[in-house]
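*Asks:* One line per chain: the protein sequences are A and B, in this order.
Everything in the first sequence is counted per this note's numbering, starting at 10 for the first residue and increasing by one.
Everything in the second sequence is counted per this note's numbering, starting at 571 for the first residue and increasing by one.
Hints listed in this document are in silico derivations from the structure and should not be mistaken for laboratory results.
Misleading hints may appear alongside valid ones.
[To be verified] Calculated lysine-lysine pairs in the DSS-like style (CA-CA distance at most 27 Å, straight line):
hint	chain 1	residue 1	chain 2	residue 2
1	A	Lys-51	A	Lys-108
2	A	Lys-11	A	Lys-65
3	B	Lys-640	B	Lys-581
4	B	Lys-640	B	Lys-627
5	A	Lys-108	B	Lys-623
6	B	Lys-581	B	Lys-627
7	B	Lys-640	A	Lys-76
8	B	Lys-640	B	Lys-623
9	A	Lys-65	A	Lys-108
10	A	Lys-76	A	Lys-65
11	A	Lys-51	A	Lys-65
12	A	Lys-51	B	Lys-581
13	A	Lys-11	B	Lys-581
14	A	Lys-51	B	Lys-627
15	A	Lys-11	A	Lys-76
16	A	Lys-108	B	Lys-627
17	A	Lys-108	A	Lys-11
18	A	Lys-108	A	Lys-76
[To be verified] Across the chosen pairs, the derived CB separations fall in these ranges:
hint	chain 1	residue 1	chain 2	residue 2	range
19	B	Arg-579	A	Ser-17	34 to 42 Å
20	B	Gly-573	A	Tyr-60	19 to 27 Å
21	B	His-594	A	Glu-12	27 to 35 Å
22	A	Ser-103	B	His-611	17 to 25 Å
[Unchecked claim] Not everything, but these chain B residues come out facing chain A in the computed CB check (under 10 Å):
hint	residue
23	Ile-574
24	Tyr-605
25	Gln-607
26	Pro-609
27	His-611
28	Val-622
29	Lys-623
30	Glu-629
31	Asp-632
32	Tyr-634
33	Ser-639
34	Lys-640
35	Asp-643
36	Thr-668
37	Tyr-675
38	Val-684
For clarity, every value in this text was computed on a predicted model and none was experimentally measured.
Glycine is no exception: its CB is placed at the ideal position from the N, C-alpha and C atoms.
Next come the chains, spelled out residue by residue.
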Amino acid sequence: QKEVEQNSGPLSVPEGAIASLNCTYSDRGSQSFFWYRQYSGKSPELIMSIYSNGDKEDGRFTAQLNKASQYVSLLIRDSQPSDSATYLCAVRISGGYNKLIFGAGTRLAVHP
Amino acid sequence: DAGITQSPRHKVTETGTPVTLRCHQTENHRYMYWYRQDPGHGLRLIHYSYGVKDTDKGEVSDGYSVSRSKTEDFLLTLESATSSQTSVYFCAISESVTVHQETQYFGPGTRLLVL
């Protein structure tokens, strides 16, 4: 059974701090990794995708991938209360048709 | 929501009744997916489609069937609803399955309560 694991949280950080969200996956053949943000009662929206080992930065967000350790993370710099949401890690499993396995999500709470 | 609509948005039904959820897209994307989301489980794939009349099972397909007679519509049917199928259902679409082009975009979701 291919799995994606995330700490459910809540992860509580003060406004302006760095929030660090982590994810591990079991399928060594996975090549594509995604972070989605989901506000309460809303649908998931894509924040970042990452395909190569190392860091990928987009504004206040940085995704980090380490395929040897089967680990992907998301850093949010200068966290804002509007970043309070559940963050879902998704991994494309090896094989066709772009099937994603999602973690259960980490709830982030940014307090003023 | 990337040109994706779902209907109905909310539904309450009784155990044993059939239920059909509709996903409609205006993006002309080839690939469509149905997920359910439950507390503690994240999103789980029910069925997916890789073209008109081409569908396959996901990880939690028991009790569900799908149909896709047009590119824009992907229907999810619960043949005989059970309380364990109470969930939030999301449809997603993807233009391609090529790496770097395979992002999935989600519809607004349908909240289903089976009494």
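*Asks:* Tell me, which hint numbers fail for this structure?
*Replies:* 7, 13, 19, 28, 29, 31, 32, 33, 34, 35, 38
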